[in-house]
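Chains as they are written, first to last, in the working numbering: chain A, 9 to 92; chain B, 9 to 92.
The reader is advised that the hints may include incorrect statements.
[Stated by the list, open to error] So, partial list: chain B residues that the calculated Cβ filter (under 10 Å) puts toward chain A:
| id | residue |
| --- | --- |
| 1 | Glu27 |
| 2 | Thr34 |
| 3 | Phe37 |
| 4 | Arg40 |
| 5 | Ser45 |
| 6 | Glu46 |
| 7 | Thr64 |
If you are wondering where the hints come from, they were derived from the structure by calculation, not from laboratory data.
Don't be surprised by glycine CBs; every beta carbon is placed ideally from N, CA and C.
2 protein chains.
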Amino acid sequence: MDQPWTHRQRPERLERRLEFSDYEATRLFLERLEQLSEQQSRYPDISFGRTYVNLTLAPVSEGDDPVVTEADHAFAASIDALVD
Amino acid sequence: MDQPWTHRQRPERLERRLEFSDYEATRLFLERLEQLSEQQSRYPDISFGRTYVNLTLAPVSEGDDPVVTEADHAFAASIDALVD
Chain A
9 MDQPWTHRQR PERLERRLEF SDYEATRLFL ERLEQLSEQQ SRYPDISFGR TYVNLTLAPV
69 SEGDDPVVTE ADHAFAASID ALVD
Chain B
9 MDQPWTHRQR PERLERRLEF SDYEATRLFL ERLEQLSEQQ SRYPDISFGR TYVNLTLAPV
69 SEGDDPVVTE ADHAFAASID ALVD
């Protein structure tokens, strides 16, 4: 099973790695994520190959020292909901 | 201007970073790259955010110790041709 989100620091961020059975599944997930990103005007950093996607979510909170808040966990959960 | 491809070692690979003016330009490039990847059955590792794409091309040559060859430079050149 895929790992859940990891809360990392310096800088504050949420990270998750997803693995897929084939390129079609990877592509389908990325298409859904693109729609979600556009809806929310929020673009995670995405790293992917044929059968994996690594996601990094920067905090949405502003200021000099942004921290991960409930809003970020909520966005992460909405990404989780895109996975079959 | 964007940097050209860099030939790196351990493991052997070609890398390039591309920057785009906005998300639409990034997205257009990624769509073209997806078509090229499917045509050639060759999937670079791709890392991207709203306005950048980092590409890593593993050598197409096989064996225990694959090295970057002309075939890889040719594929890299075909990726370059996708950039406006």
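Cross-check of the supplied hints:
no. : hint  : result
1   : Glu27 : 14 Å, violated
2   : Thr34 : 9 Å, holds
3   : Phe37 : 13 Å, violated
4   : Arg40 : 14 Å, violated
5   : Ser45 : 8 Å, holds
6   : Glu46 : 8 Å, holds
7   : Thr64 : 9 Å, holds
When held up to the earlier numbered hints, the structure conflicts with 1, 3, 4 and fits the remainder.
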